[in-house]
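Student: Letter by letter, the chains look like this.
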Amino acid sequence: MAPFPTIHISCPCNDSISIAPSKSSASRKAPEHDDPEESDMTFDPGSARSNFSLFPLENLLYCEDCNQIRCPRCVHDEIVCYFCPNCLFEVPSSTVKTEGNRCTRNCFSCPICFASLSVTAADESSTSTSPYILLCPHCFWSSAEIGISFEKPTSITAQLAAKLKLPSLQPSSSSASSFSTPTESYFPASASSTTPTIASVETTLTPEEMYARLKTHYATQRAGSGTDEFGTSPGALSRLMGLYSSTLSGSKRTFGTSLGVGKQTAKQKPDWHEYEHVQPTHDESTLINKMRTVGFTGTTSSQQRIIQPHHPLFTSQLRPLAALLRTKRSKRCRACRHILVKPESKVTTTRFRIKLVAMNYIPALTISLLDPTSVSYHSLTPLNTHQFLLTVTNPLFDPINVTLATPQRTPGRFPTEVTILCPDFEVGANTDVWDEALASAGATSGAPTGVQGSQGKSRRTGKKTGNTGTVWDAGRNWTTVVIEIVPPLIPVEGGDSDAEGEKKITELDRIVQIPVCVRVEYETELEREDSLSALSGREQKEKREHTYWSVLGLGRIGKFGGVKSSEGSDTLGSMDSMPTRPMGRPSSYSVNKPSAGPGLGVDAFGASGMGAAAAVAAAVRGGRKA
Amino acid sequence: MPPKQIKGEYIETDTGNKVSRKSVILGSQNIILGGKTIIQADCTIRGDLRRTVAPGQQSGNVAIAVGRYCFLSRSSVLRPPGKTHRGLYSYYPMKIGDHVFVGEGTVVEAALIGSYVHIGKDCGKFTIIKDCVRIEEGTVIAPNTVIPSFSVVAGRPGVVVDELPETAVEGLELKNIYRTI
Ligand SMILES: [Zn+2]
Ligand SMILES: [Zn+2]
Ligand SMILES: [Zn+2]
Ligand SMILES: [Zn+2]
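Going down the list, the sequences are from chains A and B. Take 1 as the starting number for the first sequence in UniProt numbering and just add one per residue. Take 1 as the starting number for the second sequence in UniProt numbering and just add one per residue.
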């Protein structure tokens with residue numbers, strides 16, 4: 001079960017991938033007009049596109065040049081280095097090109113349970129002469145089960161290749177040499193009509209043999225020959241030149257047949273055809289018989305089968321899996337190509353040369369139930385008012401003005417009513433001094449500890465109130481406000497309300513997800529050292545703003561009043577006849593219900609009938625006036 | 001978030017370690033705590049399981065070395081890993097970095113744990129866990145496994161299932177949790 005509450009931030013690249021880099025400092029300033037009016041629509045967390053744009057704050061980067069958050073979808077990854085996750089050796093990219101993206105040392109994982117295998121002496125009691133095996137320390141599978149043991153405990157990859165007779169790693173083997181001789185019967189001219197022969201040959205080849213053949217073909221092509229008419233040029237270039245010269249001069253030579261080498265390699269390369277993962281067998285009775293003898297435990301699970309390149313049906317055909325390499329990657333902004341993340345290239349270090357992460361630029365949100373004992377996140381009571389504490393923490397070294405906007409009713413089939421009691425407030429500046437952080441202990445970052453944690457430490461000495469227009473609590477660089485929600489009553493499936501043709505109620509309908517538009521405004525000192533500002537002598541301040549949508553997953557809607565699901569339809573019926581809606585548990589705090597006074601204070605959402613977009617704009621405008 | 005403890009539940013050392021009176025610490029002369037580390041009630045630290053050496057031979061005295069800002073939750077166990085080498089069963093020292101969170105009831109028998117590591121539960125023998133790793137609850141890591149940095153590990157046996165973002169250090173640091181105790 002997913003833990004609640006969750007907080008995700010929407011990356012705007014969802015709307016347009018090609019976000020043009022903003023025109024440097026000019027657009028960094030807060031625009032004069034309220035552009036949210038025309039551009040911002042309520043973000044719908046339930047829409048299909050949202051799946052691709054919502055990320056936790058930790059996963060977001062920030063481009064200083066674009067003044068925009070960047071998610072994994074709108075950055076470019078560039079590989080800094082390859083390394084084996086098991087032996088932690090760096091693998092040069094040239095080796096990756098020739099040997100593939102797996103470790104070529106002694107790193108293998110278990111084909112049964114995928115734990116990493118260790119090289120052990122087959123018989124621990126005996127001394128050095130005993131053979132070595134790959135043993136799984138978790139499920140005790142060993143390479144002895146497929147009849148493979150090793151003479152020495154090093155270079156297992158080469159030994160394994162020899163044991164499995166993988167021709168790809170034995171270039172001098174018979175399979176490779178057979179290609180160098182003209183084998184017209186196997187590979188007739190491409191135009192010939194003896195295709196059945198090719199097919200029959202190719203099906204008898206194992207994937208490894210097929211791969212080896214292709215590899216030899218390309219290797220020969222790449223190596224080329226220095227004996228062609230273009231003399232000393234590398235193989236690739238000469239091939240290209242040969243192509244041009246043959247087509248341009250209109251000579252009889254065609255590509256691939258112009259050179260002796262080309263002729264051979266063209267024949268080595270088999271016709272392109274898709275590999276069948278399911279190997280056709282004409283006689284299934286042998287398979288069935290084998291299944292009967294080995295039993296269920298002798299067959300592979302789909303996970304075990306799919307991870308192996310040859311998709312074995314039986315555990316006896318499994319092979320140890322060479323460890324897949326991992327990478328360290330740097331990341332670039334897709335729009336302006338500036339580098340956002342650059343790790344140090346040493347494999348074992350976790351340091352970064354460049355690390356522009358969003359959590360250093362945009363305020364972090366945290367949310368928790370005001371009274372955690374009242375209700376569980378997993379069963380919010382329908383039609384009851386629930387109060388949550390939303391804390392905004394400022395990572396910037398300038399105080400920020402935050403405006404929160406949310407639709408009065410969340411988008412979706414079963415809208416939740418939402419009220420932010422204080423949508424416009426200030427958050428203090430962050431400081432570097434940890435001592436100060438210690439002074440305001442308990443609630444510095446990401447951990448608003450609610451009622452107990454914040455006593456005596458808040459900036460505001462007054463008592464906490466749930467009144468509209470006032471913040472609940474505030475500290476050095478954080479401010480907490482109260483957010484109220486009224487979850488809807490979701491009809492029980494199969495009841496009268498679930499009319500025909502209507503969509504079924506999904507689990508998603510039961511999750512309370514609240515889109516909140518966070519607008520941050522602050523003034524900061526100009527970074528550029530202009531001669532103008534230096535002359536004027538006074539501090540040049542620049543107004544900046546940043547707006548983003550975030551989605552708060554507050555919990556799952558439970559059953560109404562503990563009514564059993566079978567009685568759901570009755571409950572609904574009785575609901576209609578109820579004179580008043582249940583007002584929830586008696587709150588110990590004096591809270592103005594939204595219904596009590598629309599338009600009270602700065603509660604921009606009290607007025608009903610206001611469109612969501614208009615409500616957002618109104619809130620933002622109201623915030624600016626305040 | 002652990003609840004606030006009653007005063008006197010913890011013994012605070014000079015370097016700011018807070019050790020629960022209800023924890024079991026054996027062979028404390030072989031244990032090094034880096035400072036600001038919290039050891040909760042019912043934890044067991046087996047400093048007595050020291051490397052066995054031939055008589056006359058000098059050996060390092062440290063069985064378990066723990067860094068700064070570590071958090072050992074209730075009922076967790078730190079136990080140096082042991083194995084038979086040339087017919088002799090011996091324990092090997094365990095080293096734990098800074099900002100390492102050990103979940104409730106977890107038994108740690110790793111050889112090396114880096115810094116900024118979150119362990120939900122159960123860590124196998126001689127495991128090497130590098131910096132910035134998150135091990136999900138209920139994971140059993142097979143012996144001798146190496147977990148590289150920025151990994152999320154889950155399952156039985158534990159395999160790398162995800163990559164941690166660049167912010168892993170910020171997400172895994174435990175300074176705030178120390179202040180709450
Ligand atoms: Zn994006
Ligand atoms: Zn390796
Ligand atoms: Zn296994
Ligand atoms: Zn950019």
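Don't read these hints as lab results, they were simulated from the structure. You may find that some hints are simply not true.
To be verified - Simulated crosslink set (PhoX-like; lysine-lysine; CA at most 25 angstroms straight-line): (1) A:K163 with A:K152; (2) A:K346 with B:K95; (3) B:K175 with B:K83; (4) A:K163 with A:K290; (5) A:K355 with B:K175; (6) B:K175 with B:K18; (7) B:K83 with B:K22; (8) A:K97 with A:K346; (9) A:K152 with B:K22.
Student: Run every hint past the structure and note whether it holds.
Tutor: Quick rundown of the hints versus the structure:
1. A:K163 with A:K152: Roughly 13 angstroms between the alpha carbons, so the hint for A:K163 and A:K152 holds.
2. A:K346 with B:K95: holds, 22 angstroms
3. B:K175 with B:K83: violated, 35 angstroms
4. A:K163 with A:K290: Between A:K163 and A:K290 the Cα gap is close to 24 angstroms, so the pair holds against 25 angstroms.
5. A:K355 with B:K175: Roughly 21 angstroms separates the two Cα atoms, so the pair holds.
6. B:K175 with B:K18: holds, 13 angstroms
7. B:K83 with B:K22: violated, 30 angstroms
8. A:K97 with A:K346: holds, 20 angstroms
9. A:K152 with B:K22: violated, 50 angstroms
Hint violations for this structure: numbers 3, 7, 9, all remaining hints satisfied.
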